[in-house]
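Undergrad: Chains Z and L are the protein sequences, given in the same order.
First residue of the first sequence: 1, per the numbering used here; consecutive thereafter.
First residue of the second sequence: 1, per the numbering used here; consecutive thereafter.
Simulated from the structure, these hints should not be mistaken for laboratory data.
Incorrect hints may appear among the rest.
In silico DSBU-like cross-links for lysine-lysine, where the CA-CA straight-line distance does not exceed 35 Å [as the list claims (entries may be wrong)]: (1) K315(L) with K68(Z); (2) K470(L) with K241(Z); (3) K398(L) with K142(Z); (4) K99(Z) with K69(Z); (5) K237(Z) with K470(L); (6) K315(L) with K210(L); (7) K467(L) with K286(Z).
Each pair of labels, with its calculated beta carbon distance range [unchecked claim]: (8) E487(L) with G39(Z): 53 to 61 Å; (9) C193(L) with T170(Z): 41 to 49 Å; (10) Q335(L) with G248(Z): 44 to 52 Å; (11) D203(Z) with K439(L): 52 to 60 Å; (12) R177(Z) with G348(L): 15 to 23 Å; (13) V630(L) with E109(Z): 43 to 51 Å; (14) M2(Z) with R232(L): 50 to 58 Å; (15) G105(Z) with Q335(L): 47 to 55 Å; (16) L527(L) with F106(Z): 54 to 62 Å; (17) T50(Z) with D515(L): 32 to 40 Å; (18) G505(L) with M2(Z): 36 to 44 Å; (19) G370(L) with G266(Z): 52 to 60 Å; (20) S377(L) with R177(Z): 51 to 59 Å; (21) G71(Z) with T268(L): 57 to 65 Å.
Predicted model only: the values in this text are computed from it and were never measured.
Don't be surprised by glycine CBs; every beta carbon is placed ideally from N, CA and C.
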Amino acid sequence: MMKIPYYPGCTLNTVAKGLDTSARESAAALGFEMEELKGWNCCGAAFPLTPDNLIGLTAPAKVLLNAKKEGGGSVMTLCSVCYNVLKRTNRVLRDDKEKRSIVTGFIEEDYDGSIDVIHYLEVLRDRVGFEKIKEAVKRPLKGIRAGAYYGCMLLRPFKEMGIDDHEAPTIMEGLLRALGCEAVDFPDKAECCGAHLAMTRTDIVERLSGNVMRSAAGRGAELIVTSCPLCQYNLEKSQKKTLEETPGYREVPVVYFTQLLGLALGQDEDTLGLGKNLWDIRPLLKSKGV
Amino acid sequence: MARIGVFVCQCGNNIEGTVDTKKVAEEAQKLPGVVYSRNYKFMCSSPGQEMLKEAIKKHRLDGVLVSACSPHMHEKTFRKASDAAGLNPFRCEMANIREQCSWVHHDRTKKTGTVKGNDLTRMAIERLKRNRPLKKINIPVTRRALVIGGGIAGIQAALDIAEGGREVILVEREPSIGGNMARLSETFPTMDCSQCILTPKMVEVELNEKIKLYAYSEVEKVDGYIGNFTVRIRRKAKYVDEDLCTGCGECIEKCPFKAGSEFELGLTSRKVIYTPFPQSVPNIPVIDAPNCPKFQKDKCGACAVVCGPKAIDFKQKDTVVEEKVGAVVVATGYQMMPNERFGEYGYGRFKDVISGMQFERLASSSGPTGGEIRRPSDGKVPETVVFIQCVGSRDEAKGVSYCSKVCCMYTAKHTMLFRHKVKSGQAYVFYMDIRAGGKRYEEFVRKAIEKDGAMYLRGRVSRVYEKDGKVVVCGADTLSNSQVEIEADMVVLATAVVSRKGSDGLARTIGIGSDRHGFYNEYHPKLKPVETVNAGIYLAGACMGPMDIPESVNMGSAAAGKVLGLFSSEEMAREPIVANVNERVCNACWDCVVACPYSAIERFTVKNGQGDVMGMHAKVNEGVCQGCGVCVAACRSKAIDLAGYTDEQVFAAINAF
Ligand SMILES: Cc1cc2nc3c(=O)[nH]c(=O)nc-3n(C[C@H](O)[C@H](O)[C@H](O)COP(=O)(O)OP(=O)(O)OC[C@H]3O[C@@H](n4cnc5c(N)ncnc54)[C@H](O)[C@@H]3O)c2cc1C
Numbered sequence: 001m002m003k004i005p006y007y008p009g010c011t012l013n014t015v016a017k018g019l020d021t022s023a024r025e026s027a028a029a030l031g032f033e034m035e036e037l038k039g040w041n042c043c044g045a046a047f048p049l050t051p052d053n054l055i056g057l058t059a060p061a062k063v064l065l066n067a068k069k070e071g072g073g074s075v076m077t078l079c080s081v082c083y084n085v086l087k088r089t090n091r092v093l094r095d096d097k098e099k100r101s102i103v104t105g106f107i108e109e110d111y112d113g114s115i116d117v118i119h120y121l122e123v124l125r126d127r128v129g130f131e132k133i134k135e136a137v138k139r140p141l142k143g144i145r146a147g148a149y150y151g152c153m154l155l156r157p158f159k160e161m162g163i164d165d166h167e168a169p170t171i172m173e174g175l176l177r178a179l180g181c182e183a184v185d186f187p188d189k190a191e192c193c194g195a196h197l198a199m200t201r202t203d204i205v206e207r208l209s210g211n212v213m214r215s216a217a218g219r220g221a222e223l224i225v226t227s228c229p230l231c232q233y234n235l236e237k238s239q240k241k242t243l244e245e246t247p248g249y250r251e252v253p254v255v256y257f258t259q260l261l262g263l264a265l266g267q268d269e270d271t272l273g274l275g276k277n278l279w280d281i282r283p284l285l286k287s288k289g290v
Numbered sequence: 001m002a003r004i005g006v007f008v009c010q011c012g013n014n015i016e017g018t019v020d021t022k023k024v025a026e027e028a029q030k031l032p033g034v035v036y037s038r039n040y041k042f043m044c045s046s047p048g049q050e051m052l053k054e055a056i057k058k059h060r061l062d063g064v065l066v067s068a069c070s071p072h073m074h075e076k077t078f079r080k081a082s083d084a085a086g087l088n089p090f091r092c093e094m095a096n097i098r099e100q101c102s103w104v105h106h107d108r109t110k111k112t113g114t115v116k117g118n119d120l121t122r123m124a125i126e127r128l129k130r131n132r133p134l135k136k137i138n139i140p141v142t143r144r145a146l147v148i149g150g151g152i153a154g155i156q157a158a159l160d161i162a163e164g165g166r167e168v169i170l171v172e173r174e175p176s177i178g179g180n181m182a183r184l185s186e187t188f189p190t191m192d193c194s195q196c197i198l199t200p201k202m203v204e205v206e207l208n209e210k211i212k213l214y215a216y217s218e219v220e221k222v223d224g225y226i227g228n229f230t231v232r233i234r235r236k237a238k239y240v241d242e243d244l245c246t247g248c249g250e251c252i253e254k255c256p257f258k259a260g261s262e263f264e265l266g267l268t269s270r271k272v273i274y275t276p277f278p279q280s281v282p283n284i285p286v287i288d289a290p291n292c293p294k295f296q297k298d299k300c301g302a303c304a305v306v307c308g309p310k311a312i313d314f315k316q317k318d319t320v321v322e323e324k325v326g327a328v329v330v331a332t333g334y335q336m337m338p339n340e341r342f343g344e345y346g347y348g349r350f351k352d353v354i355s356g357m358q359f360e361r362l363a364s365s366s367g368p369t370g371g372e373i374r375r376p377s378d379g380k381v382p383e384t385v386v387f388i389q390c391v392g393s394r395d396e397a398k399g400v401s402y403c404s405k406v407c408c409m410y411t412a413k414h415t416m417l418f419r420h421k422v423k424s425g426q427a428y429v430f431y432m433d434i435r436a437g438g439k440r441y442e443e444f445v446r447k448a449i450e451k452d453g454a455m456y457l458r459g460r461v462s463r464v465y466e467k468d469g470k471v472v473v474c475g476a477d478t479l480s481n482s483q484v485e486i487e488a489d490m491v492v493l494a495t496a497v498v499s500r501k502g503s504d505g506l507a508r509t510i511g512i513g514s515d516r517h518g519f520y521n522e523y524h525p526k527l528k529p530v531e532t533v534n535a536g537i538y539l540a541g542a543c544m545g546p547m548d549i550p551e552s553v554n555m556g557s558a559a560a561g562k563v564l565g566l567f568s569s570e571e572m573a574r575e576p577i578v579a580n581v582n583e584r585v586c587n588a589c590w591d592c593v594v595a596c597p598y599s600a601i602e603r604f605t606v607k608n609g610q611g612d613v614m615g616m617h618a619k620v621n622e623g624v625c626q627g628c629g630v631c632v633a634a635c636r637s638k639a640i641d642l643a644g645y646t647d648e649q650v651f652a653a654i655n656a657f
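Model the full assembly from the supplied sequences, consistent with the hints where possible.
TA: Structure, rendered in C-alpha cells:
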C-alpha cells in the first residue's frame with residue numbers, strides 16, 4: 001500500500017477530528033496509508049505577512065525538517081491553513097538562501113526546502129484519480145446538491161500554491177461529481193470567510209461568511225464542503241445571524257469534503273463525526289434516500 | 001617611412017578642459033613617422049576639415065590621425081575628408097580622447113588627462129601605421145522584395161515598393177490578406193469604417209502587376225544575405241485550382257457542412273469550403289480538409305459537382321517554390337492573449353463575456369449580427385455593457401509587463417459605437433489609466449465620456465459572475481473609494497496584444513532577434529526603428545510591439561523606403577570591415593562557424609580539377625559579415641583576422657602603451 005507522510009496539525013487533533021478520521025479511513029479504502037509524522041509541532045497557523053518576520057517561519061521550518069528526517073520526499077496536509085503555511089515556508093527555504101540561513105540557524109539544523117508539500121485533494125486528483133474514486137463509491141450521493149467552498153488559503157497566492165486556478169477552481173467539484181453529487185457552482189466560492197477575525201470582529205465574519213452562504217444557498221446548494229477547519233467554523237456559526245437577518249434563508253450544513261468522501265465510500269456516520277456538526281446533514285441524506 | 005599627420009581637437013573646452021592638446025600634439029610630433037602635428041579648436045568644423053585636407057596634400061601625408069571624440073561621432077566625417085583629399089579613407093583613424101579621457105577625468109591641472117591623451121594618441125599612431133588601405137566591397141543586389149504578412153503594415157510596404165517600380169512577393173499565411181484590420185468595425189480616432197479604407201488597398205495589391213501574392217502560404221527558409229536572399233515558400237494546398245477558379249462562390253453556397261469561423265472568432269460558423277470574409281483577396285476559396293467529409297470519409301464532394309470551371313481538385317498537394325529577393329520586410333502582426341487565463345472574468349465560461357475583438361465583429365456591418373449589438377447568449381440587445389481594460393496588460397503576475405497601447409483607444413471607441421447603436425445603452429469602463437497620447441486621441445476619449453456618456457471607473461475588477469441572465473461585475477472605484485457591483489448584460493475584455501504564436505520560430509528562420517515577449521527587435525529603438533541586426537531585413541507593424549493602424553502604416557512605408565533605397569542601384573557598397581580566413585592556416589575545426597552570430601561563415605570544400613576533395617576551410621561571406629570579430633577570438637589556430645582590426649594592429653597599439 002502506498003504510504004504518504006502526513007502532518008495533521010493541531011486543529012485536526014482537537015476540534016476538527018472528523019476531518020482527520022474520515023480522511024484516514026477513506027485513504028485506506030482508496031489504497032493508500034496516511035503515515036502520521038512521529039514528531040510534529042504547530043505550523044504557526046499564519047504565514048507571516050511581513051517579509052522580514054522570519055521568526056514566524058521557524059515553527060513550520062521545524063515541521064518540514066522533521067518530515068525530511070523521517071525520510072519521506074513529501075508531506076501531506078488536510079487543513080488549508082497548514083497547507084498554506086508549510087508550502088509557502090518550504091518555498092522560501094528552497095529559493096532564498098539568505099532567509100534559509102537565518103531561519104535554519106535559529107532551529108539549529110539546516111533544511112533546504114527539498115521535500116514537497118502536498119494536499120490530500122491533490123493525492124485524490126493526481127495519484128488516485130477521480131475515476132477510480134467513482135468506482136470505489138458504495139453509497140452514491142445521488143441528488144444531493146453540494147457546493148464546494150475553497151476560501152483563500154488553499155488557493156492563494158496562486159503562484160506559490162498552484163493547486164488549481166485560484167479564480168475559478170474546480171478540483172473539489174470534480175470530487176463531488178465522482179461521489180455522485182450534483183456540484184453547484186456559486187460565485188463566492190473562493191471569497192474570504194473572515195478567517196481569524198472570528199476572534200475579534202465577529203461582525204465582519206458574519207457579513208463575509210453570510211455573503212458566501214447566501215450566494216451558495218441562492219444557487220440551490222443544500223450542503224457545503226470545505227477543507228479548512230476555520231472556514232467550516234465560520235460558515236457554520238455565522239448562519240445563526242444570517243437566519244435572523246435574511247427572510248426565507250434556511251440553514252445549510254457545512255462539512256469537510258472528507259466526510260462526504262467517507263460517507264460515499266460506505267463508512268459509518270459516527271467515525272465520520274457527522275454528529276459533531278452544528279447543522280446535521282443526516283436529515284438531508286434521508287430526504288434524498290441516500 | 002610613414003608620413004603621418006596628427007590633429008588634436010580641443011572640442012571647445014570639452015577636451016581642452018582636462019587635456020593639454022598642444023602638449024599632446026607636440027609629443028606626437030616626436031614620434032617616428034609623424035611629419036605633421038597640431039591642435040585645433042573644432043576639428044569637425046568646416047575649417048577643421050579643410051585644414052586636414054590641405055595638410056594631406058601639402059605634406060603628402062599617407063595617414064591621418066584625429067585625436068578627438070568617439071569614432072561613432074565623426075569617423076565618417078574625417079574619412080570622407082581624407083577621401084576627398086586623395087587619401088584612402090581607411091588610412092584615417094581616430095583616437096578617442098573625449099568620452100574615454102577628458103570626460104572621465106576631472107583633474108583641472110590637466111595632468112592626468114594629458115598623460116592619457118598622449119598614451120591614446122601614441123597607441124593609435126602605431127595602429128594607423130599598419131592600417132592597410134581598404135576598398136569598399138561591392139555586392140550585387142537582386143531588386144525584388146519579399147514581404148511576409150499581408151496585414152495593413154505588409155500591404156502598405158508592398159504597395160509602396162511596387163509604386164517605386166520594384167517587384168514584390170507578398171506571402172500571407174491565411175487564405176486572404178487584410179490581417180486584423182479586416183476584422184475591425186470602425187477605427188479610432190476618425191471613426192471611418194475599417195473595411196472601407198482597407199479593401200481598396202487589398203484590391204490594389206491584387207491588381208498591381210508588380211506584386212505577386214502568395215496567399216495561404218508560409219515562408220519556410222531564408223538563405224543568403226542583403227541583396228541576395230533565397231527564400232523557400234510553402235504554398236498550402238487549397239484544393240482549388242487558382243487558375244481555373246472564377247470566384248463565383250457557388251461551391252460555398254452549396255457546401256452542406258459548417259465549422260467555426262476563425263475570422264469571426266467563433267461568434268458564428270462558416271462553410272467547410274470558404275473564404276474568410278466576403279471581400280477576401282484573393283477571392284479564391286480553400287477547403288478546410290480536417291472538417292470536410294470528402295477528406296475524412298470520402299463522402300459528399302458537392303463543391304466539385306457544382307463548380308462550373310471544374311476548379312475543385314481534391315488531390316492537390318502542397319507545393320514549394322523558391323524565389324530570389326534582395327530584401328525582406330517582416331510584417332506578421334499580432335494576436336490577442338488567450339482570455340481563458342483570467343478565471344475571475346469568466347471568459348469561456350460565460351457566453352456574454354467576450355473579447356474586444358469579438359466586439360469589433362458585433363459592431364461590424366459585415367459581422368455575424370449585421371452590425372447590431374446583440375449578446376451571444378440569447379441575441380438580446382444589451383442595455384448595460386461593462387468594458388474591462390488592461391486584461392493581461394501591465395500585469396506582470398498573470399499577463400505581460402507592457403502596456404498594449406491600443407486598448408484605451410479602442411475601448412473608448414467601443415463605448416461610442418455601443419451608444420450610437422443602442423441609444424438607451426449605458427457603458428461602464430474599468431480602467432487603470434487612460435493612455436491617449438496621439439493626434440486627436442485625448443479629444444476622442446473625452447468625447448466618449450462627455451458626449452456619449454460612458455462611465456469611467458478607475459479601478460480593477462475582482463470578479464464576474466452570472467446571475468439571473470445578467471453578468472455581475474464586482475470591482476473597485478478608487479476615486480470614490482468604494483466597491484461597486486454592476487449588473488451588466490454583457491462584458492467586454494480589452495485583452496493584451498501579444499506576439500503571434502510561433503513568432504520566435506519565424507525569427508530563427510529569418511535570422512532576426514526577438515524580445516522576451518516574442519516581438520521582433522529593431523536594430524535601434526530610436527534611430528533604426530525598421531532595420532534589424534540582419535542587414536536587408538526590415539520590420540513593419542505590430543510584429544515588433546503593440547501599435548495602431550497609423551503607426552503600422554508609417555512603419556510599412558518606412559520599411560518600403562529603406563528597401564527602395566537599397567534597390568536604387570544594382571550594386572551596393574559596404575564597409576570592408578570584414579573577417580578574412582587564412583586558408584593555409586585554417587584547420588577546419590569550425591569553431592568560428594558555431595560562434596558567428598550572423599551565420600556568415602561557411603564550411604568550404606576545396607576540390608581539384610578532377611573534382612577530388614583536397615581539403616576544407618572556413619570561408620567568410622563578405623555580404624553577411626558584420627565585422628564583430630567573434631570568430632577572430634574563437635579561432636584557435638589564429639587563421640582569422642578582421643580587416644581594419646588585425647592582430648598586428650592591435651598588438652602594435654598595445655606595445656606602444
Ligand atoms: C480590438 C482591437 C481594436 C482595434 N481598433 C483599432 C482602431 O480603431 N484604430 C487603429 O488604428 N488600430 C486599431 N487596432 C490596432 C490594429 O488592429 C493594428 O494596428 C493593425 O491591425 C496592425 O497591423 P499589422 O499588419 O501589423 O498586423 P496584423 O493585422 O496582425 O497582420 C499580420 C498579417 O500577417 C499574417 N501572418 C502572420 N504570420 C505569418 C507568417 N508566418 N507568414 C505569413 N503571414 C503571416 C497574418 O495572417 C496577418 O494577415 C485595434 C486592435 C484591436 C485588438
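Undergrad: Given the proposed pairing of K237(Z) with K470(L), does the C-alpha separation stay at or below 35 Å?
TA: holds, 31 Å
Undergrad: Is K398(L) close enough to K142(Z), meaning Cα to Cα at most 35 Å?
TA: violated, 38 Å
Undergrad: Okay, S377(L) versus R177(Z) on CB: inside 51 to 59 Å?
TA: violated, 24 Å
Undergrad: Quick one: are L527(L) and F106(Z) within 54 to 62 Å, going by C-beta?
TA: Cβ of L527(L) to Cβ of F106(Z): about 55 Å, so the range 54 to 62 Å holds.
Undergrad: Please test the hint of 36 to 44 Å on the beta carbon pair from G505(L) and M2(Z).
TA: holds, 42 Å
Undergrad: Do the Cβ positions of T50(Z) and D515(L) conform to the proposed distance bound of 32 to 40 Å?
TA: Holds: the Cβ-Cβ distance is about 35 Å, inside 32 to 40 Å.
Undergrad: Given the hinted pair K467(L) and K286(Z), is their Cα-Cα distance within 35 Å?
TA: The hint holds at about 31 Å.
Undergrad: Is the straight-line distance between the alpha-carbon of K315(L) and that of K68(Z) 35 Å or less?
TA: Outside the cut-off at roughly 63 Å; violated.
Undergrad: Kindly confirm whether 47 to 55 Å is satisfied by the beta carbon distance between G105(Z) and Q335(L).
TA: holds, 50 Å
Undergrad: Does the Cβ-Cβ separation between R177(Z) and G348(L) fall within 15 to 23 Å?
TA: holds, 20 Å
Undergrad: Is the gap between the beta carbons of D203(Z) and K439(L) within 52 to 60 Å?
TA: Distance hint for D203(Z), K439(L) holds at roughly 54 Å.
Undergrad: Is the distance from the Cβ of V630(L) to the Cβ of E109(Z) consistent with 43 to 51 Å?
TA: holds, 49 Å
Hint violations for this structure: numbers 1, 3 and 20, all remaining hints satisfied.
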